[in-house]
Amino acid sequence: MKPAPFDYYAPTSLSEALDKLTELGYSGKVLAGGQSLIPAMNFRMARPTALVDLGKVKELSYIKPTADGGMAIGTMTRDSVVEEDLLVSERFPILVKTIKHIAHKQIRNRGTFGGAIAHADPAAQLPAAALLLDANLKVLSKAGERWVKAVDFFIGPFMTVLEPEELLAEVVLPPLAPRTGASYQQVSRQKGGYAQAAVISTVTLDGADRVKEARVALFSVGEYPLLASKPNQVLAGQVPTAEAIEEIAAYVAKNECDPGTDIHGTEEYRRNLVHVLVRRALTEAVQQAKK
Amino acid sequence: MTESTISKSFKRNEDPRLLTGNGNYIDDIDFPGMLHVAIKRSDYAHARIKKIDTEEAKKIPGVVAVYTAEDLGDYWRPGPLQVPPPTAIKGSVFHARPLECIAKHKIRFSGEPVAVVVAESRYIAEDALDFIYLDVEPLQYVGELEKTLDPDAPLIHEDLESNLAADVVQEVGSWEKAAAEADVVIKKRIVTNHVAGAALENRGLIAVWDDNFKILNVWATTQGPIPMRNSIARYLGLMENQIRLMNPDIGGGFGPKIMSSQIDDVVVPWIAMKLKKPIKWVEDRRENFLGTTSERDQVHYAEIALKNDGTILGVKDVFYHNTGAYNPYGMTIPLNTQTHVISIYNIPNYYTQIKMVFTNQMVVTPVRGAGRSHGIFVMERLLDFAAKELGMDPVELRRKNILPPEKLPFRTGVIGQDFVENVLDSGNYPLALEKTVDAIEYEKFKKEIQPKLRAEGKNKGIGVIMFTEGTAVGPYEGAKVMVGVTGKVNIVCAYSNQGQGHYTTLAQIAANQLGVDIKDISVVIGDTGQWQWGVGAFASRGITLVGTAVHQASVKVREKALELASKLLNTPKDELEVADGVVRVADVPEHFISLGELAMRANPTRGTVEEGMEPGLEAASYYGPPHGATGYGCLGLILDIDPETAKVKIERLVITDDCGTNINPMIVDGQIHGGLQMGIGEAFYENLVYDDYGQLVTASFMDYLFPQATDMPEKFEIKHLVTPSPLNPLGIKGIGEAGAICVPACFMQALEDAFEGMDLDITQSFMGPSKLFHYVQKAKGA
Ligand SMILES: Cc1cc2nc3c(=O)[nH]c(=O)nc-3n(C[C@H](O)[C@H](O)[C@H](O)COP(=O)(O)OP(=O)(O)OC[C@H]3O[C@@H](n4cnc5c(N)ncnc54)[C@H](O)[C@@H]3O)c2cc1C
Chain A
5 MKPAPFDYYA PTSLSEALDK LTELGYSGKV LAGGQSLIPA MNFRMARPTA LVDLGKVKEL
65 SYIKPTADGG MAIGTMTRDS VVEEDLLVSE RFPILVKTIK HIAHKQIRNR GTFGGAIAHA
125 DPAAQLPAAA LLLDANLKVL SKAGERWVKA VDFFIGPFMT VLEPEELLAE VVLPPLAPRT
185 GASYQQVSRQ KGGYAQAAVI STVTLDGADR VKEARVALFS VGEYPLLASK PNQVLAGQVP
245 TAEAIEEIAA YVAKNECDPG TDIHGTEEYR RNLVHVLVRR ALTEAVQQAK K
Chain B
7 MTESTISKSF KRNEDPRLLT GNGNYIDDID FPGMLHVAIK RSDYAHARIK KIDTEEAKKI
67 PGVVAVYTAE DLGDYWRPGP LQVPPPTAIK GSVFHARPLE CIAKHKIRFS GEPVAVVVAE
127 SRYIAEDALD FIYLDVEPLQ YVGELEKTLD PDAPLIHEDL ESNLAADVVQ EVGSWEKAAA
187 EADVVIKKRI VTNHVAGAAL ENRGLIAVWD DNFKILNVWA TTQGPIPMRN SIARYLGLME
247 NQIRLMNPDI GGGFGPKIMS SQIDDVVVPW IAMKLKKPIK WVEDRRENFL GTTSERDQVH
307 YAEIALKNDG TILGVKDVFY HNTGAYNPYG MTIPLNTQTH VISIYNIPNY YTQIKMVFTN
367 QMVVTPVRGA GRSHGIFVME RLLDFAAKEL GMDPVELRRK NILPPEKLPF RTGVIGQDFV
427 ENVLDSGNYP LALEKTVDAI EYEKFKKEIQ PKLRAEGKNK GIGVIMFTEG TAVGPYEGAK
487 VMVGVTGKVN IVCAYSNQGQ GHYTTLAQIA ANQLGVDIKD ISVVIGDTGQ WQWGVGAFAS
547 RGITLVGTAV HQASVKVREK ALELASKLLN TPKDELEVAD GVVRVADVPE HFISLGELAM
607 RANPTRGTVE EGMEPGLEAA SYYGPPHGAT GYGCLGLILD IDPETAKVKI ERLVITDDCG
667 TNINPMIVDG QIHGGLQMGI GEAFYENLVY DDYGQLVTAS FMDYLFPQAT DMPEKFEIKH
727 LVTPSPLNPL GIKGIGEAGA ICVPACFMQA LEDAFEGMDL DITQSFMGPS KLFHYVQKAK
787 GA
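Just so you know, the sequences run in chain order A and B.
The opening residue of the first sequence carries number 5 in the numbering used here; numbering runs sequentially from there.
The opening residue of the second sequence carries number 7 in the numbering used here; numbering runs sequentially from there.
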């Protein structure tokens, strides 16, 4: 389990990194925290001919509040730094909760916030969180910058709209509306292990406890993280009831996800999990919103 | 007399070194000019080899050599059987098909070695693997145990008539009679699960040939240094003492590291001698999964015959045992299964038949538990099914059939893995049951707590099962104890240590005789240059066999010290005491001579000595028991199940164990903890899966899930009984496997108990959440 030969570059500035990526084109690959890429290379499932290590590009590592009450997070910020950031936990407690479910501390100390999103593992937490929180992704290349919404970013398992010469530079999270509750639900075989099914949701209530918006992101049950449409269709403008939530959960499990059968679980079992977890997630998010 | 050092929880002598990162593991060893080996393993599960083309691989810069079976010439030959079959069982059949170091004519499992690359680095060696081309005729994969013996099943070893590897029947009393007299007979098909040994550190071997002195130095992670050295000597035509085989620190063993006569110890030393270069092979995780041994899958057709009052009249068990593509380890595992079905129960009539079969899967050799857990699982499940059928409480049914202490020692009439009749030597089985039942508050849970929980819609279940642990089998182990001129003590043996704590426990045993601080006692384990005799670490036998040898040797050394001191101090022996590193006159403690001084005097450099004198404050001793010592225990579990997600939480785990004298109770508890973790793994996490073409789907820790520390229950509640074994002077029995043996049976009982009014009818030792979900759906009639 040693990687195939590759060239290695460690630029110290963003512009140098972008130059290198343009120069290398399809033969280049960004190395961030290495927690997914290095194992894949050791298994020789990934055989990049050159790595561009962003580890020394300091300007990609930061957490900044945005004026509207959201946050901007530089791609190279380590998961554990985001997890421990006070302002993040104040503005996006659900994000902190989500990050805590990524593997174990040792991995979060190395793995990067943007790296996980760029990696687009269908079983990963952060792509789903980006989708749920309607993140805006800043994509840079030597040619310039473009912004992509999370909902448009993921196009398949481990596939995104990023071009080889581009990198993900920043993740911007718009603020959560007042009276927004959230919930994180997952079932995995081991603690810190990848989920067999998982759900993150936010529910925003108005002054009369009617739903303004209900968002439900599912992951590990499809080719990329999914934003279910049924919850908002049913709940928007309504006072959420247990019956409505149950109906949504059953519908989403049946129609809005695509878990397959693998060695750890059958499709039927995993759809059942989606059903249970969507119900639990919406129920908890509503309760939180009322607090 | 000074205080005893036995039955005390000394902190481990080895820990400061290991915990500060000063361990020396196989991969830490490096030599200038060392070359690295990578093994080309077959992707085919079953195929005939036509040609293996290594030309392109040889051309890669940095590649030094590539060898196939052809290149080994006459050196290639199938290895010896590591464990022969017993001769004591009449009418038994065993077709020996030992391992081939590299496949020559045929590939018999996916992962089997077909070539080796030697290169300047492991990276280059792995690069070259891609350029070795196999031209083969693929053959049909044989995997399903019950179909291996079908007349049209492809033959794995074509010189045999079928894929039957062994057929062994043992009978005590008459099952026929029991079945005829019974009120109820229950028959079930019971399956035990295929799991890996998966030590944290994989296997590895380094060989360095000294061409000047004609000495081969080998470092290996083997659990059996002497057998591996002997196998190498035989292959290479060397005298035993031309090979010095050493264990570095080893990161876990669990059984699979016992194997020798495999590609590593057959081919790597051969390359080292041929190229006259240090050669290193360190297995990676993928290879460990694919090519190293694993265990546990059996299919049992088991029957139990009882009276209506719950009295067991007999048990019949006919089972298929998967041995994989070869059977180098003889019948150890299925024999253990045969002896452990009896467990601690009074079973007057017992019929048991092994059908060991070849499959196109990795070779099966013992993994912690080694056949025992399977036997226990079968018996305990049968009892649970019987309890249900008879409308009896499962604990009550067990109470009724337990062998009482006055029946011990109890001869079971069944030949075990040590080729002699299995004897339950000592213990108090009913007490272990009652202690556990009390501690877990079984009655209260069933009568008060559970009804309330059920009313609240909660699914919590309780299970209580009994088990035996056959340990400490022969043939023998030996050790040498020596007092040095510094007064410090050294113990040498050729056992093997993978974390069992021998650096501490063996020191405790010697300290007890020699009155030396255990920190002043060093232990050398697994260095054939320092000690020539022994067998290896398996069957939970280390502390009993090596420990007893150390005890006996220490008694001799003590005697020698007293004799000599008696002369030097002019005091009769019985007025002397050995304590605090000196021999002194008990009443006049200032009148003493230090052990170091005695060691000097015991090795005179001038003058004359008495006839028969043996120099040095040193003695060796050997110990071999007539048969194994049987530990036993009782496990209780309370499980809390989320019925919607089928996630299971262990709310309470109470275990009562009796392994005789605990040399170091803390280390005993540690063995129980680790064993339980493996047992929990087997019940709920671990599962080796082959697909329909014989490809191992679970060849990494991404897919093969084991319980991590974070998945463990918060607490293991451990109770001890101490019934010293009559078989050895210290009264020790092994404890290495107890935890790994007992969990699945108890887990399934508790699961069934958690779903009131449903008959889950669990007949498998693995019940991951998805499986449990489907069992519940089925029981609901959904
Ligand atoms: C034992 C273990 C358990 C794990 N468990 C989980 C888990 O439960 N949940 C989970 O979500 N993850 C888990 N992970 C993965 C971990 O979270 C990874 O860190 C993360 O998925 C990728 O982040 P990284 O910074 O390590 O990226 P890398 O491994 O360095 O890169 C991953 C991929 O993304 C690309 N990439 C990275 N950054 C950028 C960028 N800025 N622009 C463009 N492309 C980029 C790389 O080229 C590469 O293809 C686990 C990892 C391990 C080793």
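Warning: the hint list may mix true and false statements.
As the list claims (entries may be wrong) - In the PhoX-like style, the derived pairs of lysine-lysine whose C-alpha atoms are separated by at most 25 Å in a straight line are:
id : chain 1 : residue 1 : chain 2 : residue 2
1  : B       : Lys777    : B       : Lys466
2  : A       : Lys101    : B       : Lys655
3  : B       : Lys655    : A       : Lys109
4  : A       : Lys195    : B       : Lys777
5  : A       : Lys109    : B       : Lys721
6  : B       : Lys406    : A       : Lys195
7  : B       : Lys65     : A       : Lys6
8  : B       : Lys283    : A       : Lys258
9  : B       : Lys786    : B       : Lys655
10 : B       : Lys112    : A       : Lys195
11 : B       : Lys452    : A       : Lys195
12 : A       : Lys195    : A       : Lys234
13 : A       : Lys104    : B       : Lys112
14 : B       : Lys452    : A       : Lys109
15 : B       : Lys65     : A       : Lys258
16 : B       : Lys653    : B       : Lys452
17 : A       : Lys195    : B       : Lys283
18 : A       : Lys6      : B       : Lys452
19 : B       : Lys65     : A       : Lys104
20 : B       : Lys452    : B       : Lys725
21 : B       : Lys283    : A       : Lys6
22 : A       : Lys195    : A       : Lys216
23 : A       : Lys258    : B       : Lys452
24 : B       : Lys65     : A       : Lys195
25 : A       : Lys258    : B       : Lys786
26 : B       : Lys283    : A       : Lys104
27 : B       : Lys413    : A       : Lys101
To be verified - Sample of chain A residues at the chain B side, in silico, Cβ under 8 Å:
id : residue
28 : Gln194
29 : Gly197
30 : Asn276
The set of hints was computed from the structure by calculation and includes no laboratory data.
A quick note: this is a predicted structure, and the numbers were derived from the prediction, not measured.
By construction, the Cβ of each residue, glycine as well, lies at the ideal position given by its N, Cα and C atoms.
Check your understanding: For this structure, which hints from the list above don't hold up?
Key -> 6, 8, 10, 11, 12, 13, 14, 15, 17, 18, 19, 22, 23, 24, 26, 27
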